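**Student:** Residues per chain, in single letters:
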Amino acid sequence: MSETNNEAVRSRTTHEQRSLQDASSERKLAPLVPAAEDPNRALVELTHVEKHFGDLHVLKDINLRVTKGEVLVVVGPSGSGKSTMCRTINRLETIDSGDIRIDGKPLPQEGKELANLRAEVGMVFQSFNLFANKTILDNVTLAPIKVRHMPKKEAEDLAMDLLARVGVDSQAAKMPSQLSGGQQQRVAIARALAMRPKVMLFDEPTSALDPEMVNEVLDVMVELAHEGMTMICVTHEMGFARKAADRIVFMANGQILEENTPEEFFEHPKTERAKDFLSKILTH
Amino acid sequence: MSETNNEAVRSRTTHEQRSLQDASSERKLAPLVPAAEDPNRALVELTHVEKHFGDLHVLKDINLRVTKGEVLVVVGPSGSGKSTMCRTINRLETIDSGDIRIDGKPLPQEGKELANLRAEVGMVFQSFNLFANKTILDNVTLAPIKVRHMPKKEAEDLAMDLLARVGVDSQAAKMPSQLSGGQQQRVAIARALAMRPKVMLFDEPTSALDPEMVNEVLDVMVELAHEGMTMICVTHEMGFARKAADRIVFMANGQILEENTPEEFFEHPKTERAKDFLSKILTH
Amino acid sequence: MNGFLQLFSQYDVLGAFLVNIELTLWSALFSMILGVILVVMRISPISSLRVVAGAYVELFKNLPLTIIMVFMVLGAYAQLKLSFSDTFATNFFWLAVTGLSLYTAAFVCESLRSGINTVPIGQAEAARALGLGFMQSATEIILPQAFRGSVAPLGNTLIALLKNSTVAAAASVSTETSSLMSQMIEFRPDVIIQIFLIFAFGYVILIIPIGMLTTYLSNKLAVRR
Amino acid sequence: ACGADETGKIRIGIKFDQPGLGFKKSGTYVGFDVDVAKYIAKKLGYSEDEIVWKEAPSKQREAMLQNGDVDMILASYSITDERKKAVSFAGPYFVAGQDLLVRKDDQSINGPEDLNGKRLCSVTGSTSAATVKEKFASEVQLMEQPGYAECATALFSGIVDAVTTDDIILAGLASASRGKLRVVGKPFTQEYYGVGIKKGDTKLAVKINNAIVDMIQDGSWENAVSDNTKGTDYTPDVRYNPPTPNEGEDA
Amino acid sequence: MADTSNSVLFDAPGPKGRRTIRIANWVAGIVFAVVLVLILMRLHNPPDGENQLSWELWKPALEREAWTDFYLPGLWMTVKATVLAVVGAVAFGLVFGVGRLLPNTLLRGISAIIVEFCRAVPVLLLMIFFWRWFAFAGLPDPSYWAVVLALVLYNGSVVAELVRSGVGNLPGGQREASLALGLTETQSLVQIEVPQAVYAMLPAAVTQLVVVLKDTALGSIIMYTDLLQESRRLGSMYFNILQTLVMAAVIYFIACWLLSRLAEWLPERMQQRTAAPAEPEPLAPIAAGDASNVNQIAVAKEVEELPFGGAPRKYHVHHRGTNASIRNWRRTRYEQGYDVEHPETEEQHDRGAGKPGTPQAPDPKLSSREHEHSDHGTVFKRGDNIGGGRTSLGAKPKI
Ligand SMILES: Nc1ncnc2c1ncn2[C@@H]1O[C@H](COP(=O)(O)OP(=O)(O)OP(=O)(O)O)[C@@H](O)[C@H]1O
Ligand SMILES: Nc1ncnc2c1ncn2[C@@H]1O[C@H](COP(=O)(O)OP(=O)(O)OP(=O)(O)O)[C@@H](O)[C@H]1O
Ligand SMILES: [Mg+2]
Ligand SMILES: [Mg+2]
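Chains as they are written, first to last, in this note's numbering: chain F, 2 to 285; chain W, 2 to 285; chain H, 36 to 260; chain A, 22 to 272; chain G, 44 to 442.
Derived by calculation from the structure, the hints in this document are not laboratory data. Since this is a predicted model, take the numbers as computed values, not measurements. Virtual Cβ for every residue (Gly too), placed ideally from N, Cα, C. Among the hints, a few may not be true.
Far from chain G, by Cβ distances over 12 Å, these chain F residues were calculated [claimed, not checked]: (1) Glu46; (2) Leu65; (3) Gly112; (4) Gln127; (5) Leu143; (6) His227; (7) Lys271.
Calculated lysine-lysine pairs in the DSS-like style (CA-CA distance at most 25 Å, straight line) [said to hold, decoys possible]: (8) F:Lys106 x F:Lys135; (9) H:Lys255 x W:Lys175; (10) A:Lys251 x G:Lys102.
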């Protein structure tokens with residue numbers, strides 16, 4: 002079934018993609034990702050990361066290395082620590098021990114440097130988290146203006162560019178609550194991209210969406226992957242994982258149990274936990 | 002793709018089922034359904050049922066007949082009146098005209114008779130609706146004690162029996178909020194079963210659940226179907242529909258548009274609406 | 036300083052607080068009773084009862100307590116001859132209690148109703164679907180949950196009542212704290228700030244524990260959903 | 022106070038809420054205090070539209086004079102030694118006495134001694150009721166109300182039997198009562214109503230005293246009293262009235 | 044708030060039920076009418092005193108002069124005090140509400156003490172004190188400023204709590220999203236959280252306006268010439284004080300009632316601009332420093348009624364966001380009793396007891412609740428426990 006599922010995703014994607022490309026050919030858009038330099042540089046590197054919530058050991062000796070341009074998909078049962086790991090990468094969650102490096106530099110602990118680092122790591126949340134008191138456009142321009150001190154005009158141009166790219170430019174003046182979930186999530190992606198991040202983190206970006214809207218968001222992500230963005234995605238969308246991932250990481254109980262290519266992982270999971278998980282996730 | 006989907010459901014189900022049966026073989030459990038008598042008796046019969054909400058015509062001339070032991074699955078787009086129909090059957094919603102009979106008797110309008118009838122129709126809600134102020138065990142024993150005047154001891158034995166059957170007996174002393182959605186829904190099924198209902202109504206029992214928990218609930222429902230329970234299920238789980246349904250009813254716009262066997266319905270939907278609906282529902 | 040201490044032997048500050056506490060307790064009792072009656076009327080299926088209770092609540096919620104207190108004396112007592120005792124002090128005390136109770140009952144009713152509103156309709160439907168009757172589902176499922184949801188708003192109402200008891204001054208109760216504070220200020224305007232702080236902290240000391248207790252109870256009893 | 026141009030005008034503090042003495046009605050001010058104030062102002066060289074009336078509630082009178090909010094106050098302001106520490110007085114222009122107001126048909130009360138076992142109303146914060154209780158009738162029950170109108174209403178409806186305060190105020194109430202109330206007419210204290218002025222302003226005090234003398238002599242004083250107590254058979258205590266204004270002339 | 048109180052208790056009545064209801068309806072209606080008539084008769088013909096319904100008494104209370112000389116000037120004074128008090132209260136509330144959220148412990152503590160103090164002292168005491176104090180100090184218009192200042196302090200403290208619970212009620216995601224974009228904590232507070240808290244609190248602030256308006260009537264006790272005082276004066280001219288007070292009451296009622304309607308009309312509009320629940324009932328937390336009781340009331344808000352009074356279908360919300368407590372998430376839940384056991388011990392327990400084949404839910408309670416996950420697009424984000432780790436006074440566990 003996963004095969005067919007995947008096919009369905011693919012067919013829809015190419016369709017959507019075409020129209021997106023149509024849109025982008027009308028205006029000249031800047032590339033989303035800074036030009037690649039050394040393809041083997043580690044952009045994100047976690048070594049021996051440990052994290053407790055009180056008595057609960059949520060991250061156990063996590064080691065992970067994401068190189069430039071790589072698309073990493075993290076899967077695993079609920080509560081296995083996927084979100085926590087994702088959030089430690091831009092220090093929304095502190096770690097107890099271990100080391101996290103972004104683009105070779107250790108994660109700053111606080112203050113301006115931390116804010117600057119966070120600006121380089123884009124994050125997209127399950128629940129969109131658009132700023133409810135700002136219009137779509139303001140949502141996207143806020144950080145460039147406040148953090149990057151970009152002139153308002155320039156920030157707005159950039160924002161309209163990005164909104165066009167994710168296909169919601171016509172909604173720029175609306176409030177977030179007036180958009181559908183899928184549109185909101187695409188705005189959230191544009192908002193993160195506006196900071197020209199080196200790496201993007203996605204924490205279950207589609208699981209709060211109505212089924213009909215899942216694909217419009219996945220399409221944007223697929224395109225982003227194609228453009229060479231470095232991405233870490235926590236997701237349950239196996240079709241997307243198969244299609245876009247360079248590598249799949251399987252977590253359970255706070256540990257990384259498997260790391261493999263999509264083909265290998267889906268066809269020949271090595272651990273019992275992964276087999277069990279796949280059987281659960283793929284049956285309906 | 003639906004084929005594979007279906008297969009997956011089947012394979013998992015049998016696996017789970019086996020283990021459920023293992024569990025039940027450890028203790029001797031009473032059968033869930035009173036011994037069958039006349040297989041062709043109509044347990045639930047709706048004739049010319051009409052219902053408005055203000056100007057909105059939600060049920061238009063509904064005619065439906067469910068015989069003993071039959072498993073009826075109701076599908077249809079959102080807002081088509083599936084839930085409303087389901088709820089009229091035990092008069093959580095009143096009807097404007099038409100006739101509803103349960104086991105040959107017309108639906109009482111109020112008072113003790115209505116309560117008694119409702120006791121014979123089990124209902125499982127989308128949002129579980131476990132009594133938040135009672136423990137799991139009390140949730141299940143409440144109605145047998147209060148309505149059926151069963152001695153406490155006996156009711157508790159019965160409840161533990163049923164909880165074991167749905168696999169949550171270890172949680173009996175907890176409060177509902179401490180259980181996962183899947184567990185809560187299974188308790189809700191046990192609670193309905195504790196009244197030894199003649200027919201069970203399920204209103205989208207899995208759509209408020211996290212994906213991983215859907216199957217644990219569907220498994221219980223499948224087993225129930227196998228034991229011969231008469232069931233009316235509103236659901237979007239097509240795998241379940243294919244596997245367990247004797248008949249599928251397709252509703253749209255308050256009308257019953259199609260009634261057919263699962264095979265016929267899925268392979269050769271007769272109406273455009275059904276085709277359209279199926280194409281939407283089966284793509285992801 | 037000596038004069039200041041002398042002020043307290045001369046004026047019965049504790050006694051004044053006692054008057055306010057008594058006013059509060061009696062009014063709490065009566066407003067609770069009336070509030071329950073109102074809420075029952077308000078949620079009953081009988082529309083005339085609903086209308087009357089609704090009108091009552093709207094009326095008292097939107098009138099200044101001061102006016103109500105004045106009406107108690109000039110309207111209820113002077114015109115309708117509602118009298119509790121031939122002794123003026125007692126009579127005005129009870130008139131003040133009546134006024135406070137009438138006023139607070141509207142808020143009690145709202146608190147209880149918001150408690151009932153915290154019960155999701157699904158709970159009632161589940162109870163009905165299992166064959167529980169009206170009394171059974173009310174006593175077993177709805178009211179226990181509704182009561183727990185009312186704890187916090189009721190606590191807020193009680194605190195408001197204690198503070199409002201000072202308005203009894205408008206109903207000629209002259210022994211309570213605000214009247215006494217006025218008298219003391221009249222007598223010793225030079226220590227006005229100290230006098231005020233004494234009374235203010237009296238209320239802080241009374242109210243903080245009520246608040247803590249309410250919070251504790253409402254968290255403790257809260258229905259987890 | 023609200024930004025009206027006050028240069029070249031005289032600001033006089035009066036009560037706004039005492040029928041018969043100082044009362045705001047249809048945008049104008051009426052009452053005995055008002056009449057006296059107008060007369061004084063005229064003698065000081067201010068026409069009627071050069072007067073700015075200000076409300077002077079009992080508890081704010083000293084402060085208003087000290088701040089210079091008003092030039093003088095005529096607001097049933099009794100001359101006392103305590104008050105003279107903070108302000109000066111001119112006058113007195115009237116000697117009031119504490120008296121009782123009762124229902125017209127109630128013949129049982131003819132003096133403060135008759136109040137034993139009866140109910141008496143006074144306004145919050147005044148000492149007049151306490152005086153009655155201490156000196157004349159220890160068995161009396163007291164009720165405090167925020168204003169005299171409330172007391173009078175209570176008297177109407179029978180929940181109290183008498184209202185006590187200065188006789189001229191009671192007379193004002195009685196005159197507004199459509200003949201249903203009467204003043205007993207046996208004042209049992211003396212209150213010397215003075216014109217409150219800024220402390221030590223002897224020059225002004227002399228001018229005011231002269232004006233009051235004039236007023237008494239040309240009969241305007243008599244007229245003012247009778248105008249404002251119309252409909253009652255009230256007469257001021259003749260033992261003290263009209264008074265000799267001699268306050269505040271020595272510094 | 045969706046009013047489900049009726050449908051929650053009563054089943055839709057059948058024919059017999061409807062008849063009983065109809066009869067009861069008439070009986071009750073007649074009883075109330077009779078009571079009303081009795082009261083009016085009593086007023087018409089009291090044992091002593093005058094007929095309170097006579098036109099002679101009502102006319103002076105209703106005529107033109109009464110309005111131009113008494114009610115309208117009084118109302119103006121009332122409005123003057125109300126408006127200034129509201130403006131002051133909002134300013135006070137914003138300053139100290141934000142003060143209670145600042146990272147600095149000292150500022151937070153001071154704000155907390157001020158707010159809690161102002162909330163506990165009866166407004167009347169404040170008024171009397173300021174009135175006397177200002178009079179002694181020789182300020183002009185002491186009663187006006189006393190009324191305004193007392194109302195500012197009390198209502199400002201309520202607004203402060205509304206701001207705080209508004210910020211606390213925001214889903215944690217709003218703050219996280221701004222941090223993730225590289226904004227600093229203070230920027231996030233100023234740009235994102237406080238504006239939304241203000242939108243969320245606006246309806247409640249309008250409700251609070253009703254309280255302010257009503258409380259100005261206390262000013263009459265300290266001789267402020269507001270509507271109540273003016274109508275008393277009018278009444279002392281014709282001895283129809285009851286009538287004039289009734290008129291004052293009617294004016295107060297209408298003004299407050301209109302404001303209440305406004306407060307009910309606002310939330311829908313405000314909800315578009317905030318991720319916190321915007322509600323007309325001020326859900327100011329009760330006790331010193333603890334705002335957590337908000338969540339019990341919030342549950343009710345999830346039930347939204349359908350247009351024709353039937354039962355709403357989808358209200359199961361398993362995940363709620365909370366902003367204030369994000370750092371203390373687990374401890375607060377533990378304190379609130381969601382977790383009877385520590386998750387870890389329980390998992391082991393589960394595993395030990397779990398029978399083979401029992402569908403093993405991966406630690407159900409915690410995981411399912413933490414993440415905001417909403418049913419079908421409508422994202423309900425509700426405050427779960429407010430003020431958990433951020434307040435100095437009440438953040439400690441209550442037991
Ligand atoms: N702030 C917190 N405080 C305490 N415990 C937490 C907190 N956040 C997460 N947890 C716990 O840590 C564990 C890992 O959580 P995490 O959210 O990372 O899981 P996940 O893999 O993302 O799950 P899901 O698929 O449900 O999103 C869970 O047991 C969760 O209950
Ligand atoms: N109590 C009510 N008052 C008014 N309209 C209602 C009420 N309940 C349902 N409706 C409307 O009646 C129609 C049918 O609703 P119903 O819930 O039966 O649909 P459904 O098929 O169950 O949809 P879904 O798949 O979304 O659950 C919808 O348009 C709904 O908005
Ligand atoms: Mg997660
Ligand atoms: Mg439905």
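**Student:** Now tell me if each hint is right for this structure.
**Tutor:** Hint-by-hint comparison with the structure:
| no. | hint | verdict |
| --- | --- | --- |
| 1 | Glu46 | holds (19 Å) |
| 2 | Leu65 | holds (19 Å) |
| 3 | Gly112 | violated (8 Å) |
| 4 | Gln127 | violated (6 Å) |
| 5 | Leu143 | violated (7 Å) |
| 6 | His227 | holds (24 Å) |
| 7 | Lys271 | holds (20 Å) |
| 8 | F:Lys106 x F:Lys135 | violated (33 Å) |
| 9 | H:Lys255 x W:Lys175 | holds (16 Å) |
| 10 | A:Lys251 x G:Lys102 | holds (22 Å) |
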